[in-house]
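Colleague: Below, each chain spelled out in residue letters.
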Amino acid sequence: MAKARASLQRQAEELDIHHDDVKEGDPEDTLDESADPLEESGRTIDTSEDEEVDDMVSEDIERFENSFVGINKRYRLINRIGEGTFSTVYKAEDLEYYKYNNRWDVDERERRKWSSPASKTKRSARKPHYVAIKKIYVTSSPIRIFNELELLFDLKNSDSVCPLITAFRHQDQVVAVLPYFQHQDFRDYYKDMKVSEMRLYMKSLFTALREVHKKKILHRDVKPTNFLYNKWQTRGVLVDFGLAEREGTEWHQCNCTLPSDERRYRIAHSVYAQNQQAGHQTTSYPKNDTRGSRRANRAGTRGFRAPEVLLKCTQQTTIIDMWSAGVILLTLLTRRFPFFHSTDDIDALLEITTIFGRKKMKEAALLHGQVFETNIPSYSEHGHSLEKIILWCTGRTDSDKNAPKKELDEEEKEAVAFLHKLLECDPTRRITADEALRHPFITKAYEDSEADDDMVDLNEV
Amino acid sequence: MAAVAVPPSPQVVDVMANRRVPLANLHNATNSPMRATAIGGKRQRSHASEQRDLTYGQPPAKKLMVEDDADARRSGLVRRSAAPPTALTKKLEAAREQKVASRTTRPNTRGPEVNASNLETIRNWQRHYRKLFPQFVFWFESVPDDIKSKVSRQAQILGSREAKFFSREVTHVITARPIGPEFDSSSSSIAAKGTVNPAQLESKRSVFDNALEIQKTGGGDILHKAKDLGMKIWALDKLQRMLDTMFNTATGEDVTQYIARNGATALQPTARRDLQKLLEQEKLSRPMDRDYSVAAQDMIPLRGFYIYIHDMDELTRPVMVREYSKVQKKEDGKWPQFRVSGNYKCPFIEDREAVRRQQIEEQDARHARRMANAAPRTRAVTAALDEKRALGDNPNLARRSNTTTAVPIKEENTECAGVPKALQTTRDGIPPMFGSAQASLRTMPRFIGGEPVASGLHQSNITSAIQSQMISSTAAAPGARAGNSKEVNQLKRKVLERNSAPSVNSGHSSTMGDASLRAALNQDHPQPTRAAKRKAQETLGQVREDTDEERKVRKAVALRRKKPVEKELKPGYCENCREKFNDFDEHVVSRKHRKFAVTADNWMELDQLLAQLTRE
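Respectively, the protein sequence lines represent chains A and B.
Residues 1 to 461 (full-length UniProt numbering) are what the first sequence spells out, left to right.
Residues 1 to 616 (full-length UniProt numbering) are what the second sequence spells out, left to right.
Among the hints, a few may not be true.
[What the hints assert, rightly or not] Which stretches of chain B does chain A cover? Using the computed rule of at least three CB atoms under 8 angstroms from a CB of chain A, they are:
{"hint": "1", "stretch": "127-136"}
{"hint": "2", "stretch": "225-233"}
{"hint": "3", "stretch": "308-314"}
{"hint": "4", "stretch": "321-327"}
{"hint": "5", "stretch": "569-575"}
[Unchecked claim] Simulated DEER-style distance windows between Cβ atoms:
{"hint": "6", "chain 1": "B", "residue 1": "Leu609", "chain 2": "A", "residue 2": "Gly279", "range": "52 to 62 angstroms"}
{"hint": "7", "chain 1": "B", "residue 1": "Gln363", "chain 2": "A", "residue 2": "Pro404", "range": "23 to 33 angstroms"}
{"hint": "8", "chain 1": "A", "residue 1": "Glu411", "chain 2": "B", "residue 2": "Val327", "range": "34 to 44 angstroms"}
{"hint": "9", "chain 1": "A", "residue 1": "Glu59", "chain 2": "B", "residue 2": "Asn582", "range": "17 to 27 angstroms"}
{"hint": "10", "chain 1": "B", "residue 1": "Leu132", "chain 2": "A", "residue 2": "Asn66", "range": "45 to 55 angstroms"}
{"hint": "11", "chain 1": "A", "residue 1": "Glu410", "chain 2": "B", "residue 2": "Arg578", "range": "55 to 65 angstroms"}
{"hint": "12", "chain 1": "A", "residue 1": "Arg103", "chain 2": "B", "residue 2": "Leu609", "range": "16 to 26 angstroms"}
{"hint": "13", "chain 1": "A", "residue 1": "Arg109", "chain 2": "B", "residue 2": "Ile360", "range": "37 to 47 angstroms"}
{"hint": "14", "chain 1": "A", "residue 1": "Arg246", "chain 2": "B", "residue 2": "Ala176", "range": "36 to 46 angstroms"}
{"hint": "15", "chain 1": "A", "residue 1": "Asn66", "chain 2": "B", "residue 2": "Ser590", "range": "13 to 23 angstroms"}
{"hint": "16", "chain 1": "A", "residue 1": "Lys444", "chain 2": "B", "residue 2": "Asp145", "range": "50 to 60 angstroms"}
{"hint": "17", "chain 1": "A", "residue 1": "Ser260", "chain 2": "B", "residue 2": "Thr599", "range": "24 to 34 angstroms"}
Keep in mind the hints are simulated off the structure, nothing from the lab.
Every residue, glycine too, gets a C-beta built ideally from N, C-alpha and C.
Using the sequences and the hints, build the whole thing.
Modeller: Rendered as structure tokens:
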């Protein structure tokens, strides 16, 4: 038994070609794995001063302050609030707040709008202002840092995108200063978020994505932790452009961008099609493969990667972010976080297959010139409907055969109809952020929010 | 005895060979115009290659066979498409005619006569020209448009450009006209280098013919102008041959990698390849295409349950291949599938506790209710357990079984039987049983063997604080993934498979390095971070509030944290020094890294941007 397992392991090692394409120390490799979906994003509700600061954290802060000459004159570091893959984020007090123009400070703007002139001067004089300081690891290349900051700079006037206040460098240490945005931890609300709230959440997310996509920028790492949402303000900001890139970066022709008749022709005349015609059945793969591996940027977070990213499409567009947004909505509707486990890209694709079935995956793969073959019995031809998955995930499958069939409520059904458009395996048919904002599921958010505020009654009177 | 001595393997090979059909030859399939037969290297040593060597000795006969072969196949193609001649077949016909015509004038550079020693020469030649090609600017003269676009595209892949107009920037004039001897000197640079010159293999036109041509075109020929300007004049044939040779991957020099590196937006040369070209390719590069035993040896058949995603034109390595062992029940399979899991948790991760809850509920629903009433007590006990676990004691570990239970979501319209009950248990707000939160957490692969990424909670085998610090300063630098050795990856796979969690972390954990791996191998149990604890409590399905229990837990964590800990190495990869390091802190003060840090040149571009980002 143990022996069998050992041989199995050996086999698995041999089989794991997928990872072999990562060459040692190859700077060209573009698989940037972002932090885990469960990665602690730091809960920033609490702005009180008596935050409990871990000993190790204060030690870390101290070291940071010592290494970065002069930073404590401008900012007082308070706590470490987040750790990304390429950076650490600290909460800090902005000591020189009043020296500068603070157009980025939406909270302050809001506050001033609603408060009386008297309280304005009185309160703002005492109130400390917070910022988030992003310490980018010194092992990151200037090019990578440049990329992130340049994109943020480009997006500086975009709604719902976390604006860059400033950035500076001391030798190899680069620091970006961002607004400190109060939000709730996703894990605090995914379990019981109402559909009406989901509309607002998604609307806010799409607003951000529309701005980003308008600039032809792929965020590449859309996930709950990178979308800081404040449900009281029904406002969220998209953060962390560390993996973002401009559309068209390192593109090579992929089948998916061809006109469909041309694509069909190529598929019909592919080596695979010939083999099929010839009645070749056995599936095997070359032992010592000397061919180059297909290369495509697959940066992102496991479980949030779109099928075309997993399939190494060489012409990925901004629409990949919409899939990730779909995964968030799926998470909210099923109340399962993370929804996908996706230890690696293979698992990720198989998990998607679990839902959508072999047929769709085969089509999705062929779109990018890939042949999807599997004989794993768990994956049915047509998969499962999203409705059923949501029912099952929320424990609404019938336990009693006599009981009436459980169904999603009307709002959920609306959500599912919308979800289908986001979790569309064909990127060319997936809904864009702009379209999404015009979709009934999202446009209804306005009405709902008004209803929630009981404003309707007032208006009627 | 002698009779028994017949080895069984050849028979097996034969059987496999017989199953195959000419075009279906997978060995071929894996082959591509950019690849080619693996003439050199391993197979040379195989038994089969001896046969092939024989054939090498008789190139003419071989060539004949290839021709026959192709003809047969061509007719086969026509027969195969039973439909009346469509636009498609006509297209194919046309392509065939054209190709047949062009082939007659083309030497078989990749034919059987290419032997291993030649390979090295070709390889050198390829390397040489790969460097040169990006500097070439071609201008095509009297070249038919269709051929021009094809050739030009191929040349672009190699980094050259096509000049639309004749100008000084042109380095090479490509002409379809025969080239007179007066231009020859400029076009034989390859031969001069002593490498394989495909052009030398063919010189059918007589000098007389050429002279005639020259006379026809007259002295005002642009070729003369080109020559005067010092441009090289190549026959179209020559360029085509060179390109063919460049894309010949039999030598192991893979041009596709070059393409990827250069991010050429050009089409792949083979993108428009159709069956005709495939056949041609077969003819040119597969002298032994009927020798299936050779092919079979190089292919690993997928016998179990597998996922295999590969390029439809077999130009690149498969994107995904993984095989799982066959199991009796599909629920036992290690591949991702919906599994019994508690509410709010990942549906792909099995939750043993959910199964247990389900069983217990089946036995006695009322019992479960009583447990509900005992909720507060349960919670306190949980906290106690938590502390116990913090000390490294793990009473539940032994209970973890290796079996997995998949959720039997049936095909359409079939309800899943037992699952909902388990789910409803949690849904009703009945808190899990004694210590179940922790147990269920452990059941999830992410909590096993100190795999931080899988967990996403940055579990560590030391303390959470150290772990965080590690992440804070090194975290997965992009290169960490790249720098991760294959062995390490495999090691990880092994670890996790032993834990029955078929989860390989694809990248993030690489930063954890050997320490966590070793820990995982030793089945060290990770201690929970605060986040883990909080999550554990959330699992109880109750509203999170800052309770006494939690404070207690925090205190416990703080206590542990105060314990002196040995300095842990933080391995990673530095993008700037382009090297792996064993310890982040050590690396960043290293001479090399410091030198990078203080060299202003490295930061020039970034500083320009930063100047725009100053606070106003």
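Colleague: Need the list of violated hint numbers for this structure, in ascending order.
Modeller: Failing hints, ascending: 1, 2, 13 and 17.
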